[in-house]
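Novice: Here's the letter readout for the chains.
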Amino acid sequence: MPTQEQYNVSKSSKIITAKIYLLNFKFQRVEELSGVVLSGSTYSISATSDIRRSCNISLIPTDSSFDISVGNKIWLDKYVQIYVQEKNVNTNEIAETNLGIYMINNPSRVYSAENNTMTIQGIDLMAKMTGLRNGNLEGMAHIIPQNSNVRNVIISTINLAGFTKYVIEECPFSVPNDIKIDVGGTIYDILKQLLDIDARYEMYFDVDGIFHYDLIPNGYNEQVMVDDDIWNNTLIEYSINTDFENVKNIIEVFGKTHDIKNYSDATISESNYLLTIASVTTLYDNIKIGFTTPSNVISEQANIKINSLASYPLKNEDGTVPILEPSTYYVAKYMENESYYLFMGEVTPYAISKDLNTNSPFYVNGTYGEARIVLSGGDYDNIYMSSLAQERADYELYLRCKIQDSVTLTCVPIYWLDVNWVIEITLPNKQGNETTEQYLIKSINTTLDINGTQTISLMKYYPLYPSL
Amino acid sequence: MSMTKPIALSKNAFDSTQDEIFYFSASGGNQVVKNKLTIRNNATNVVVYTNTVETFQFQQAVPSNTLTNGTYYNFYFNTYDVNNNESENSNVISFYCYTQPTVTFTNLIEGQIINNASFNCGVQYSQEQGELLDFLSINLYSTSNLLIATSGNLYSSQVPPIDFSYLFNGLENNRNYKIQSVAVSVNGMVTYSDMINFIVLYENPTLFSKLNLENKCDDGYVQVRSNIIIADGESNIEPMVYINNTMADVRFPQNYIKWNQGYQINKDFEVSIWIKPTWIYKFAEMFSSQGNGYTIKFVREIPYGETTVKDYFELSGYIGGELKVYQRSNYVDIMTTNDYVLLWIKKVGTNYTLTLDIITKGDLSYIDWGIGNSNVEYNTLTSLSWGEESYTQGTQPTLLNNDMDSIFPLTNFELYGNIYDNLDITKDTTKTISESFPTWNYKTKLNCDFNNNINGGNVNIVLSQLSGLKIKRREYGTFEWMTIYERSVSSIADLYIDIQDSYIPSGNKFQWAIVPILNGGIEGDYIIEDLDVILNGTFLSNGDNIFKLYNSVVLGQGVQNVRIGQLQPIGLEYPILIQNGKVNNYSNTLTANLYGYNFEETRRIDRNDVIKQADDFLKFVTNGKSFCITDWNGNIWIGKTNVAPTLSYNNSYGNGIITVNLSFVEQGKYNNQRDMKNNGLLNVQTN
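Protein sequences, first through last, are from chains A and B. The first sequence lines up with residues 0 to 467 when you count with numbering that gives the first Met the number 0. The second sequence lines up with residues 0 to 686 when you count with numbering that gives the first Met the number 0.
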């Protein structure tokens, strides 16, 4: 949220200065670099990347403390935190905006008869875990056991990199399978696998260096952070690229086919599915069972009974009763602690999602007809249950069942903007209708210069599909 | 309409033993009539507090002691409309609870008196749970809360408690200040120390110096010369006679020692003189001019109301020769030449205290006829006359103590007709009479121990007190001084200053001051002289060299360089202007003919001289250093060459004259201390 001063100065003529603080790895300020930063520095934010923020800073070394060596200002053990100060020339109010904390990477220096500048890359704190600078795990394979709590694992994982400030939401799923990180893997590899458990989540560092793992904002019921009051005063130009090719109104998602070693056709006895599997002589945690339902199914709470072993109820992860189809190959997993069989869906997790909104221009039975896409392999192999496949299919429908308007704004820099914000803008259109529409900010690129502008990439927000 | 998702606002660390307000924002959607705050332990995500309040305000207070210090939490809000429709969870914000840190001054208490112009302020940051510090600053304020000076951000990576110190210089005497420190922890917890009031009271040493200014208008500078004046005494006895190397023998009334430079005596004073009296007569005068001052003399008589002869001294003050003050000391039995006495005068306003103290009573004891080691000497004070000695009967005295303020300061002090062991004149009127010799301090005006010298302002004492001298300059009528020269002082030779000040614009009146700097950085009184500066020509100088350009000097088209970007939003009639940073400087070109160093005197073009001057000029403008350009229009720029200079020979003079073309860009202001130092034009450390 911007302060009133930040908001006001965005619309006025201003004098801009940049302040750079050097931080140690405990996020304590150790030095300030002022008056040495050259114009032309840039910073960017991308909502679609875990490496969310990056920047390039050019500065003038004023003394030997800028030499790249241990103990000096520019060294491996420092972060940089960038602030931009805007002075409103009309009111003399000063607004200060935090542009984020970065790792110093690959400083370069040009020294000639007419030049003495240093350029440093500022890379997102995530780089401390990706292996770009740090983050390689100790030389042994690491395993995250299945059924681990995702949140707890993430906290432990980022602690390995020395990060102790976080906002980590609960993931609705536990770790589905053992996550094995081979020798040479990185902390980020663990995080990435954890992130892929649910595609609706994102992870990033905010401007204060706090690690976040939370739902990707979709705009539904989000507050409009910027409206035409700002854009009328800052918008320089815009461009729209419309993509017809990727509009899909039927999404089919296939997850990873389970490798089932314990299989049986099921028969029904009272409320039990009876399975005969010679290889199962005892039940243990996470043992997977494959079975094909008979031509009729139990409509109430069913149990599974293998051989002469005890029977246990078959349930979804949220405790509800799964609905089974006849003559269908399903997979269940025994959860020893909770004493039930977790219903995992078809042997190949599958789901379909269609645009059934009759008000939608892309209604499957409308003029546009059916436009199908089948998604499998790659990230989709992380889907191990049909319920997950359904969530993913709905999410993909949300992403794909709309005109892929890609709007790019060029404007006077608004430094306090951030990605995943909902904005509202009336794009000027001399020859057509000017309608006020809402967008999600997906990326921001800014140049700190007198003629520097800000480029903002937007994704149109469609209220027809407000919620996943 | 529905409930929009609220936005929880960030929360700095706070002390859970205090009430704390949590905020959110909500815009759009239904009217918020109720909000729910949920706080969780951030490590476990277990809810530790939840509360719903019905309010239109976008906030909720958490009572003290609800949470635990040293714990990491997170929170989010939900909002409700009048139909109890609930919003989604807001964004989640993490925060810490910590015990409020303490920031305390370690060497300063409320109302403390600082006896120095500088103060090394100590501050300690402490936090119970060891929360790390982000930065700390110490701020000095006037009594009206105007920020005077700040330490800026001080950093430390240590685990608390952490001690900081910062030296504040330039504290003004007899002035009240406020000081406060503020610390910000890495988790944003802001802690203020108490605001401490303190007083600065120190003795302001006064030195005496002559400051001579000479406008060298044809050479492009002002000659500044100064020499400290020491209050040395002078006498008509040559050589001066000393007794046992510790006393000056001025025993006859026509003999004198006087001090008439290097000090001044103000309205309130104390005078102490240790004497072996040899003559009943006027023995001291102190005055500002003839007829305006005091006389002190011994008197022997039978005072009014007494029956026996007594000695005393009287103090008479005159303004324009008219008696305004008459005061007497106590009476003592008549003195002998071997007596050792202390004469003590204190003046505070119109109150006078005079004391004659017989420290030791002398007595001649033996006569060793013919051997030569007799201690008998002629006793000029004896009551045994060669003839009949008689004493006058004194009349009833009329004591006067009229206002004498108009004659101050007194700048002359003279002694006659006695043997003197010690003299001390001070402005410290809090003392009581003491038979011990005083030591020199900041309040001392004149002090002479007569140990084989009659110096009233001992150079050794001056040197022991002085750490340095500064020459300062300011434009007449302005307030801020700028130091243009400083030197440390360790010998008498260091007291002499002779510098050239070429960084001044023509056509303006300036003031120069010599400022003594005593140990501890205390500035003494400024000795100030004024001068109207006139420069005849265009000059380039850098402190080492001055080049005069006086023929065909052409200034090009000056440019005040500012960087202003202009962005034109579609929706605005007028553009938005963006000025990045503080770029604001002047640039220009300068063209002039060089005629050689000696042309101004000889009026003849000496080709070798022209070449030499051109070579020197080229070196001067291409050595990478800054220089100062002044001209008779009153222009002054501190600049550097920014384009390679050119030299061309003038065909009209048989290639005997060289035209130089110089391009420069401004590097600072001549009256900005930091600019001048950064440009290497003034080598001074402090203002």
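Calculated directly from the structure, the hints in this document are not laboratory data. Treat the hints with care, since some could be wrong.
The calculated lysine to aspartate or glutamate pairs, modelled on DMTMM-like cross-linking and capped at a C-alpha distance of 25 Å, are [said to hold, decoys possible]:
1) A/K10 x A/D66
2) B/K209 x B/E528
3) A/K25 x B/D14
4) B/K581 x A/E201
5) A/K10 x B/E53
Novice: For every hint, state whether the structure bears it out.
Specialist: Taking the hints in turn, this is what the structure says about them:
1. Using a Cα cut-off of 25 Å, the hinted pair A/K10 and A/D66 is violated, with the two alpha carbons roughly 40 Å apart.
2. Between the alpha carbons of B/K209 and B/E528 the distance comes to roughly 9 Å, so the proposed pair stays at or under 25 Å and holds.
3. For a cut-off of 25 Å, the pair hint linking A/K25 to B/D14 stands: about 21 Å separates their Cα positions.
4. Under the criterion of a C-alpha separation no larger than 25 Å, the hint pairing B/K581 with A/E201 is inconsistent with the structure, at around 40 Å.
5. Proposed proximity of A/K10 and B/E53 is contradicted: the alpha carbons are some 36 Å apart, above 25 Å.
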